[in-house]
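K.L.:
Sequence:
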Amino acid sequence: MFGMFGITLEFDSIEWITWRGNSYIRLVDRMNMRLAAIVSFFVLFRGICAQEGFVSIQCCSASNFTDQGTNITWTSDDHLFHSVGRCEHFSVSSRTSNHTQTRFFDEADSNNFCYYLPVLKGQGYLVRATFLRGPIPESFTAAPFNFSVGTTSISQIDSSIEHFKVEGVFVATNDHTNFCLFSETRNAYISTLELRPLNEAIYLHDSPSAALKLVTRVDLGNKNLSYRFPKDLADRIWPVDLEEKGSVKGKILESHDISLYGSNASIPIEVLQTAITDDEELVFHHRDLQTGHNEFLIILYFLELNANVQIGQRVFDIYVNGDKKYASFDILENESTSNYKAIPLRVKTNGFLNIALVKTLDEAKYGPICNAYEIYQILQRSTETIQRDVNAVMKLKDELMEENPKHDIFGKWHGDPCTPYIWNGLACEEMNGSFVIIKLDLSSSHLRGPFPSVIGDMTELKELDVQYNDFHGSIPDSLVALLNFSKLSIQCNPQLNYTIPPSLSTRKNLSVISGQCDAPSPTKSNIDVIGSVAGGSVAATFALGIFFSCFYKRPRRTSKSSYPGIKSQGFADQSIHYPLKNPDVKTFTLEYIKKATSGYQTLIGEGGFGIVYRGTLPYGQEVAVKVRSATSVQGTREFDNEVNLLSKLQHDNLVPLLGYCCENDQQILVYPYMSNGSLQERLYGEASKRKVLDWPTRLSIALGAARGLLYLHTYPGRCIIHRDVKSSNILLDQSMCGKVADFGFSKYAPQEGDSGASLEVRGTAGYLDPEYYSTQQLSTKSDVFSYGVVLLEIVTGREPLNIHRPRNEWSLVEWAKPFIREQRIDEMVDPNIKNSYHAEALWRVVEAALACIEPFSAYRPNMIDIVRELEDALIIENNASEYMRSIESFGGSNRFQYSIDRKIPGLPLTPSEPLSGFCQIIAAPQPR
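352 is the number that numbering that gives the first Met the number 0 gives to position 353 of the sequence shown; each next residue is one higher, with no gaps.
Each hint should be verified, as a subset may be incorrect.
What follows is a list of derived Cβ distance ranges for each label pair [said to hold, decoys possible]: (1) 66 x 870: 43 to 49 angstroms; (2) 588 x 208: 34 to 40 angstroms; (3) 586 x 227: 47 to 53 angstroms; (4) 483 x 825: 52 to 58 angstroms; (5) 208 x 834: 30 to 36 angstroms; (6) 255 x 67: 23 to 29 angstroms; (7) 66 x 133: 20 to 26 angstroms; (8) 337 x 825: 46 to 52 angstroms; (9) 501 x 143: 44 to 50 angstroms; (10) 683 x 807: 15 to 21 angstroms; (11) 511 x 208: 39 to 45 angstroms; (12) 807 x 350: 36 to 42 angstroms; (13) 155 x 255: 39 to 45 angstroms.
As a list, the in silico DSS-like pairs of lysine-lysine whose alpha-carbon atoms are at most 25 angstroms apart [what the hints assert, rightly or not]: (14) 347 x 833; (15) 486 x 647; (16) 340 x 396.
Hints in this document: simulated from the structure, not taken from any laboratory.
Backbone N, C-alpha and C define an ideal beta-carbon position, used for all residues, glycine too.
Using the sequences and the accompanying hints, generate a full structural model.
P.N.:
Spelled out as structure tokens, the structure:
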């Protein structure tokens with residue numbers, strides 16, 4: 000037995016183990032705990048699986064069983080989850096699944112549940128999981144949760160769908176992989192988990208550090224049977240083509256005499272024996288893909304089924320979203336022994352894919368053909384702990400468990416040591432693309448046994464604390480390998496030889512705390528007793544502290560701030576009650592923030608509020624932690640304002656507030672980390688952060704930001720004005736999705752009857768609405784003006800204000816207007832996107848910008864008009880070829896000629912009345 004909830008199943012010398020809170024499978028040789036896990040893995044599954052290397056887990060099954068249709072042997076996880084999770088049975092259509100069991104996890108002490116499987120490093124794998132749901136158990140909270148390979152989320156599971164299937168492809172980077180369910184609500188479920196070796200280089204041969212999520216797999220023309228193992232040795236499932244993919248005029252080809260021709264095929268011959276063909280073109284449409292600028296892998300499979308076709312008789316071009324990806328493709332070209340080909344295509348798109356196979360213009364005898372295709376979304380793998388430290392800490396765990404088999408600390412030592420949940424007693428930091436362990440704290444754990452020498456293998460370790468334990472032996476020489484070692488705490492281990500090895504004792508930067516002590520180790524029971532005795536005093540002290548810290552408003556002297564480089568001036572009003580409508584916004588303690596940022600170690604920026612640090616929450620989410628500095632131009636009012644507003648707002652194009660801290664004179668805001676920085680940095684920021692953005696990406700970012708502002712301007716009840724719209728406040732996530740940030744200056748639109756409403760002008764030079772500045776009349780049209788400047792930045796790649804340029808170019812707005820009015824926009828476009836945009840799409844954006852920067856607000860459009868215009872521009876840009884063909888069919892030889900009087904559809908030529916539901920302009924109270 001291992002741990003409170005461990006259970007052992009014996010297969011020769013193999014044990015199956017599970018831990019409460021984060022369940023996983025671990026294979027251990029009873030005779031030698033340190034035998035390679037991968038050997039044990041294959042010994043086990045040779046005995047219980049008919050398919051070498053296959054892992055097929057049926058959750059909650061009463062016993063192992065063999066599927067009669069596939070001959071795949073399924074193993075139960077029932078013995079792996081003793082006392083963890085609950086089992087439910089659901090009736091499911093045989094067409095969708097033969098499996099009817101689901102295991103629900105609703106443990107109160109964990110956000111993740113993992114299956115931990117040894118794998119072969121460098122081997123490609125297909126992973127598939129199914130999630131069946133019926134009536135929800137009473138204690139279960141139905142909410143989305145993530146299925147992850149390692150720390151990389153493959154898919155979010157929609158718990159409202161009764162049958163949900165996820166499939167991905169990855170290359171094993173270590174000798175083990177966790178397959179996890181991550182849930183903020185600590186509720187998740189799973190029905191089956193399948194792992195299959197995949198030896199096809201076509202998937203990830205050029206990017207082994209990525210992962211793939213299956214979008215669709217289509218067996219074109221197949222109307223009879225779905226195929227999987229044993230037809231497909233990798234057990235890919237090829238379903239019946241019920242949706243009849245392909246253009247309406249396409250027709251089905253079928254041949255059963257193809258075994259010799261497709262002998263080198265990587266997919267089943269049965270899949271290739273049907274195809275779709277057409278005399279001119281085939282088009283496959285896929286909508287409703289994940290929005291954002293995402294990258295996809297398309298694999299097209301071709302097998303010539305007509306024995307009469309010769310080289311050069313079936314030639315076609317391959318387009319994706321109007322871009323030619325492959326010219327004059329001939330299945331038979333350069334193939335002397337086979338008429339089979341598989342073509343991988345990597346493309347970036349935003350929400351849809353149009354795949355077109357078009358017959359070339361020459362006199363090809365036959366039109367295009369396609370037998371099958373797959374579409375995958377390409378995902379970047381999340382950072383994991385370096386394998387060296389994983390091996391060392393797992394070996395440390397094994398050594399300590401030999402002497403301390405039932406110790407509670409090991410119940411949470413599982414999975415990746417550093418992410419997404421850091422093991423108890425560890426501290427980690429990111430280094431060269433991996434996490435490394437920098438601190439090991441086993442103090443006051445009452446551990447016994449020899450001092451572990453394997454600690455020396457954690458070569459980046461800086462601090463080691465093993466005080467108040469019962470280790471014996473000597474301090475090992477292996478610690479000499481720790482070149483960054485700065486602190487060793489070993490006191491209060493009665494049987495330990497405290498002599499420090501000479502090679503360590505001479506280090507000037509090493510601090511050592513050692514020796515015997517009489518004081519007992521602080522334990523939980525001691526703390527409970529102290530807490531009980533002192534409870535009344537603590538309560539009284541706490542009440543007084545609240546009074547003097549939160550309600551007493553006179554200036555006072557403050558103690559030294561615990562934040563690096565920050566001196567406290569004034570203090571936050573901790574008595575404020577924030578009416579949180581969004582349950583995801585949490586109140587964090589200062590200690591929690593310090594741990595999440597590893598002591599404010601990684602500085603990533605500085606703004607008007609203060610310094611921004613990068614951190615990681617215990618469940619793995621990377622965050623940006625904004626700490627208000629003493630010189631901040633935003634005060635306590637702005638802090639309170641941001642917390643109050645973002646506690647109510649939820650939109651995909653607004654950077655959400657995850658939590659805040661108002662403790663010890665500190666004001667801290669915690670947001671998700673936006674891995675691609677700000678729009679400003681990408682356009683013209685520091686050279687290290689600058690990156691050329693193509694035109695479709697810029698257009699997508701602009702549309703995202705516009706949607707975020709539209710949400711604010713149409714917020715139910717009382718609309719919200721941002722007041723500081725600028726490119727540095729538009730942040731980009733890992734999918735290059737634009738999100739509006741920084742709501743410190745945001746306000747509800749002023750209304751008549753507001754008493755003492757502060758309407759002092761706020762904003763940034765270069766973006767500030769001139770009418771708002773001169774009249775102090777605040778409205779959503781002030782945001783519209785600022786957004787128009789952002790559009791000009793996106794088009795030109797220029798700063799809004801730069802006094803280092805010639806005088807007539809200081810202001811971007813004034814410099815750009817003549818180019819637009821004289822229809823010379825090609826001369827103002829950012830050189831980085833020259834000749835790479837569709838003229839119609841660019842003109843729509845430029846005209847929208849010109850309308851936004853009208854001097855008088857009444858002539859500016861509302862954000863809903865801008866959103867519609869940008870949506871049209873993005874559609875035009877993404878479908879350029881098809882769009883231009885339609886224009887040309889009407890004799891559009893002058894399609895690039897525009898009148899300077901051309902206006903955006905729906906935008907007013909005369910001052911407009913505010914739309915229903917939008918903010919109206921209210922005059923600011925005039926001073927008496």
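K.L.:
Determine for every hint whether it applies to the structure shown.
P.N.:
Cross-check of the supplied hints:
1. With their beta carbons about 47 angstroms apart, residue 66 and residue 870 fall inside the hinted range of 43 to 49 angstroms.
2. Range check, residue 588 to residue 208: Cβ separation about 36 angstroms, and the 34 to 40 angstroms hint holds.
3. The supplied range of 47 to 53 angstroms is met by residue 586 and residue 227, whose beta-carbon atoms lie about 50 angstroms from each other.
4. Against the hinted window of 52 to 58 angstroms, the Cβ-Cβ separation of residue 483 and residue 825 comes to about 55 angstroms, which satisfies the hint.
5. For residue 208 and residue 834, the hinted distance range of 30 to 36 angstroms is satisfied, since their beta carbons lie about 33 angstroms from each other.
6. Look at residue 255 against residue 67: about 25 angstroms separates their beta carbons, and that is inside 23 to 29 angstroms.
7. Range check, residue 66 to residue 133: about 22 angstroms between beta-carbon atoms, so the 20 to 26 angstroms window is met.
8. For residue 337 paired with residue 825, a C-beta distance near 49 angstroms keeps the hint of 46 to 52 angstroms intact.
9. Checked against the hint of 44 to 50 angstroms, the pair residue 501 and residue 143 fails, with Cβ atoms roughly 57 angstroms apart.
10. Distance hint check: the CB atoms of residue 683 and residue 807 are about 19 angstroms apart, consistent with the given range 15 to 21 angstroms.
11. Between residue 511 and residue 208, the C-beta spacing of about 41 angstroms keeps the proposed range 39 to 45 angstroms intact.
12. Here the CB-CB span from residue 807 to residue 350 is close to 41 angstroms, well matched to the stated 36 to 42 angstroms.
13. Remark: the range hint 39 to 45 angstroms for residue 155 to residue 255 is upheld by a beta-carbon distance near 42 angstroms.
14. For the hint pairing residue 347 with residue 833, the CA-to-CA distance comes to about 19 angstroms; that is within 25 angstroms, so the pair holds.
15. Only pairs whose Cα atoms come within 25 angstroms are accepted, and residue 486 paired with residue 647 is rejected, the gap being roughly 45 angstroms.
16. The hinted pair formed by residue 340 and residue 396 fails the criterion: a straight-line CA distance of about 50 angstroms is larger than 25 angstroms.
The structure fails to meet hints 9, 15 and 16 from the earlier list, while all remaining hints are met.
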